[in-house]
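Protein chains in written order, with this note's numbering: chain H, 18 to 125; chain Y, 373 to 488.
I should point out that these hints are in silico values taken from the structure, not numbers from a laboratory.
Just so you know, these numbers come straight off a predicted model, no measurement behind them.
Treat each hint with caution, since some may be false.
With a straight-line cut-off of 30 angstroms between C-alpha atoms, the simulated DSS-like cross-links for lysine-lysine are [as the list claims (entries may be wrong)]:
| no. | chain 1 | residue 1 | chain 2 | residue 2 |
| --- | --- | --- | --- | --- |
| 1 | Y | K387 | Y | K450 |
| 2 | H | K112 | Y | K450 |
| 3 | H | K112 | H | K87 |
| 4 | H | K43 | Y | K434 |
| 5 | H | K86 | Y | K383 |
| 6 | Y | K383 | H | K112 |
| 7 | H | K112 | Y | K434 |
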Amino acid sequence: SQQGEEDPQALSIQEGENATMNCSYKTSINNLQWYRQNSGRGLVHLILIRSNEREKHSGRLRVTLDTSKKSSSLLITASRAADTASYFCATDDYKLSFGAGTTVTVRA
Amino acid sequence: EAEVAQSPRYKITEKSQAVAFWCDPISGHATLYWYRQILGQGPELLVQFQDESVVDDSQLPKDRFSAERLKGVDSTLKIQPAELGDSAMYLCASSLALTGTTDTQYFGPGTRLTVL
Numbered sequence: 018s019q020q021g022e023e024d025p026q027a028l029s030i031q032e033g034e035n036a037t038m039n040c041s042y043k044t045s046i047n048n049l050q051w052y053r054q055n056s057g058r059g060l061v062h063l064i065l066i067r068s069n070e071r072e073k074h075s076g077r078l079r080v081t082l083d084t085s086k087k088s089s090s091l092l093i094t095a096s097r098a099a100d101t102a103s104y105f106c107a108t109d110d111y112k113l114s115f116g117a118g119t120t121v122t123v124r125a
Numbered sequence: 373e374a375e376v377a378q379s380p381r382y383k384i385t386e387k388s389q390a391v392a393f394w395c396d397p398i399s400g401h402a403t404l405y406w407y408r409q410i411l412g413q414g415p416e417l418l419v420q421f422q423d424e425s426v427v428d429d430s431q432l433p434k435d436r437f438s439a440e441r442l443k444g445v446d447s448t449l450k451i452q453p454a455e456l457g458d459s460a461m462y463l464c465a466s467s468l469a470l471t472g473t474t475d476t477q478y479f480g481p482g483t484r485l486t487v488l
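In isolation and in its complexed conformation, chain H is listed as follows:
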């Protein structure tokens, strides 16, 4: 079963703009992870945020976690064409449960 739900399902932005996607989940978690998947390929790990952390940065990525609202967000700043991909959140209680993903298209 898939616990995380991403919103929106799809997002189209202009190069240079920021992209924000959200993830909601139902039950308590230990950690939450975000992954990226380019079309027809495997997933690439982006960020792991632990349940006692509220915000984490990695390059142009910023992830927040609100355990009281059971939600997380991923912000990509100054987007590039290479950021075009599907982004998945995965709740982590020592077993990953992925949502259906947000498909991001960055227009040149």
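Starting from the structure of chain H, add chain Y where the hints point.
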């Protein structure tokens, strides 16, 4: 940089036939996972190994699917007989995490299965 290897990359088969997928994890990774990803959905865990032992196969359809990791290194996932609904991407991942811990999972490129 070390990668998870999978083969074949693409497989087309007819229903009722047997298919097998192979995965070679990153060297030293004790934990290996097989996921199924249906188009438009996120990956779903089928089976998790720690070394050669199955840790979780609760979502593996055991009437037709089997998985093994005999020497605790590479792994094979088999489907027999294949059904139309098995058409999906089959992803293998590996991790340094041991049972009861968490860590980054490294994914292979996947095998896209089409059942006709």
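Hints, verified against the model:
no. : hint              : in the structure
1   : K387(Y) / K450(Y) : holds, 14 angstroms
2   : K112(H) / K450(Y) : holds, 22 angstroms
3   : K112(H) / K87(H)  : holds, 17 angstroms
4   : K43(H) / K434(Y)  : holds, 28 angstroms
5   : K86(H) / K383(Y)  : violated, 42 angstroms
6   : K383(Y) / K112(H) : holds, 28 angstroms
7   : K112(H) / K434(Y) : holds, 20 angstroms
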